[in-house]
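S.K.: Sequence:
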Amino acid sequence: NAGLYTTRFVPKASEWNDTIMSKSQLKHDNIRFKFEYVISGNTNNFYLDNIMIGEADALMTAQNQNNSRLSVYPNPTNGNAVIDIENLAAVNIEVTLINILGSKVMELYSGEVVSNYQSIDANLTNLDKGIYFVRVNSNGNTILTDKLILK
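Throughout the sequence shown, residue numbering follows this note's numbering, covering 118 to 268 in sequence.
It should be emphasised that the hints constitute simulated quantities derived from the structure, not laboratory data. From a predicted model like this one, the values you see are computed outputs, not experimental measurements. C-beta: ideal position from N, C-alpha, C; glycine also. A couple of the hints might just be wrong.
[Stated by the list, open to error] The calculated lysine-lysine pairs, modelled on DSSO-like cross-linking and capped at a C-alpha distance of 30 Å, are:
1) LYS151 with LYS268
2) LYS129 with LYS144
3) LYS221 with LYS129
4) LYS268 with LYS144
5) LYS246 with LYS268
6) LYS151 with LYS264
7) LYS264 with LYS246
8) LYS144 with LYS264
9) LYS264 with LYS221
10) LYS151 with LYS246
11) LYS246 with LYS221
12) LYS221 with LYS268
[Claimed, not checked] Label-pair ranges, simulated between beta-carbon atoms:
13) VAL127 with ARG149: 26 to 32 Å
14) LYS264 with ASN233: 40 to 46 Å
15) ILE148 with SER227: 32 to 38 Å
16) LYS144 with VAL199: 41 to 47 Å
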């Protein structure tokens, strides 16, 4: 309860709450979430943002502390995509495609990034339509993540 505002309420960054539930807290294989906002005479705006469901390491984007960049295009794609990785010189990486359940679907590249740039042509025509994540790992750490939509 934030109280009654007489002006339009817009939350500040400090007023957002993060809630994380571990898999062990969920009692069943199938879970439904319901959000209900009941309007009465004196109400404020309601904000709900950034809901992510799945394995945390597959959905969370790692902090990008070295100005690296991951581009995936075209996105959405009909089956062929280009993945460009910039500003990761002289490191070994593994680029994988992850489904929304957090499972590895395909390895797209494994090796060293040369000349601060790596471009990967990805043939995804054998995959089901849906949402996937391109994940770049180096030394066991996720360093970049981007969403890819296959239509």
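S.K.: All the hints need checking, so say for each whether the structure fits it.
M.R.: A quick look at each hint next to the structure:
no., hint, verdict
1, LYS151 with LYS268, "28 Å, holds"
2, LYS129 with LYS144, "34 Å, violated"
3, LYS221 with LYS129, "37 Å, violated"
4, LYS268 with LYS144, "33 Å, violated"
5, LYS246 with LYS268, "5 Å, holds"
6, LYS151 with LYS264, "25 Å, holds"
7, LYS264 with LYS246, "13 Å, holds"
8, LYS144 with LYS264, "29 Å, holds"
9, LYS264 with LYS221, "14 Å, holds"
10, LYS151 with LYS246, "26 Å, holds"
11, LYS246 with LYS221, "16 Å, holds"
12, LYS221 with LYS268, "19 Å, holds"
13, VAL127 with ARG149: 26 to 32 Å, "29 Å, holds"
14, LYS264 with ASN233: 40 to 46 Å, "24 Å, violated"
15, ILE148 with SER227: 32 to 38 Å, "35 Å, holds"
16, LYS144 with VAL199: 41 to 47 Å, "43 Å, holds"
The structure does not agree with the numbered hints 2, 3, 4 and 14 stated previously, though it agrees with the rest.
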